[in-house]
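Could you put the whole structure together from the sequences, leaning on the hints where they help?
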Amino acid sequence: MKHFLNILFLLLSFSLSAQDVPMADEMRANGKIYVVVAVLVTILLGMIIYLISIDRKLKKLEKEQKTKS
Amino acid sequence: MRNWWKALAIILLVYSIIGGFLIEVPKQVILYESIRNLYFHVPMWFAMITLFFISMIYSIKNLSSSNLKDDRKAIEMVNVGIIFGVLGIATGSIWAKFTWGAFWTNDVKLNGSAITMLIYLAYVILRGSIEDEQKRARIAAVYNIFAFVLLLVFIGILPRMTDSLHPGNGGNPGFNNYDLDNNMKLVFYPAVFGWILFGLWVSNIRIRMANLKEQLLDN
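Read top to bottom, the protein sequences are chains A and B. Numbering of the first sequence is given in the working numbering, commencing with residue 435 and proceeding in unit increments. Numbering of the second sequence is given in the working numbering, commencing with residue 619 and proceeding in unit increments.
Source of the hints: derived by calculation from the structure; they are not laboratory data. Each hint should be verified, as a subset may be incorrect.
[As the list claims (entries may be wrong)] Covered stretches of chain A, as calculated for chain B (at least 3 residues, CB under 8 Å):
hint: 1; stretch: 475-486
hint: 2; stretch: 492-499
[What the hints assert, rightly or not] Label-pair distances were calculated between CB atoms; the ranges are:
hint: 3; chain 1: A; residue 1: GLY480; chain 2: B; residue 2: TRP622; range: 19 to 27 Å
hint: 4; chain 1: B; residue 1: ARG620; chain 2: A; residue 2: GLY480; range: 19 to 27 Å
hint: 5; chain 1: B; residue 1: VAL767; chain 2: A; residue 2: PRO456; range: 43 to 51 Å
hint: 6; chain 1: B; residue 1: VAL760; chain 2: A; residue 2: GLY480; range: 34 to 42 Å
hint: 7; chain 1: B; residue 1: LYS715; chain 2: A; residue 2: VAL455; range: 14 to 22 Å
hint: 8; chain 1: A; residue 1: PRO456; chain 2: B; residue 2: LYS715; range: 17 to 25 Å
hint: 9; chain 1: A; residue 1: PRO456; chain 2: B; residue 2: PHE764; range: 19 to 27 Å
hint: 10; chain 1: A; residue 1: MET481; chain 2: B; residue 2: ASN800; range: 28 to 36 Å
In this text, a Cβ means the ideal position worked out from N, Cα and C, and glycines have one as well.
Right under this line is the structure:
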């Protein structure tokens, strides 16, 4: 019986601690977390577009160099 | 489509941000939502190690071929890898402040990664300080192989032999035991792969730049 109670309390404390952990559950639903995601995706895409443009400029230079030599 | 891997890098990175923020993660005390840093902090190191590894392969190639193109590939990959390493240390430092309580702890992995960065900075300086091209390529290549072995020791082996705050090291169970559940793997592995491809892309640009510069100087 004592063991049973111990295990019960243990399980109870686990389930309680899982609920106590503050997560952004609600924030994801209505806390505008999507705005942050959108901002980060914009920054990432901006950086990538910049990288693509550098890539293209370099390709142009490589072509020029090829026709020269 | 010769550039399919660049497109794949973009898709994976965009996915890792969207999935990284919105897909559910395990509820852990102390970590809370910061567990999501796993998707962004750890891939920096994976990308760095991959770039350094490929760089070492080109160094070995250079030793057998004496082709300066291989030397250029090796140095440019290290240059990009160092950026990833700096970002890895910076992001880890922020994460540490809010979970372990300090920006820098005496954790073996932290000090090991800092030493590794210094070793690779020394590679860049060493290579830059030799005038003769062939000599430079050869000495840099030998050092680069040596540097990767040290990397393995400092961030692969030593952290596993003593106590470390990092998961998976010392007595600390890894994320993959139970923390890194299937939901997290769904974002983590694509993020790692995406950042590796991104690193290769930037290296590719730097290598082509170096080759072009070489041609311009030759003419």
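Practice task
Could you tell me which of the hints above the structure violates, numbers in ascending order?
Solution key: Violated: hint 9 alone.
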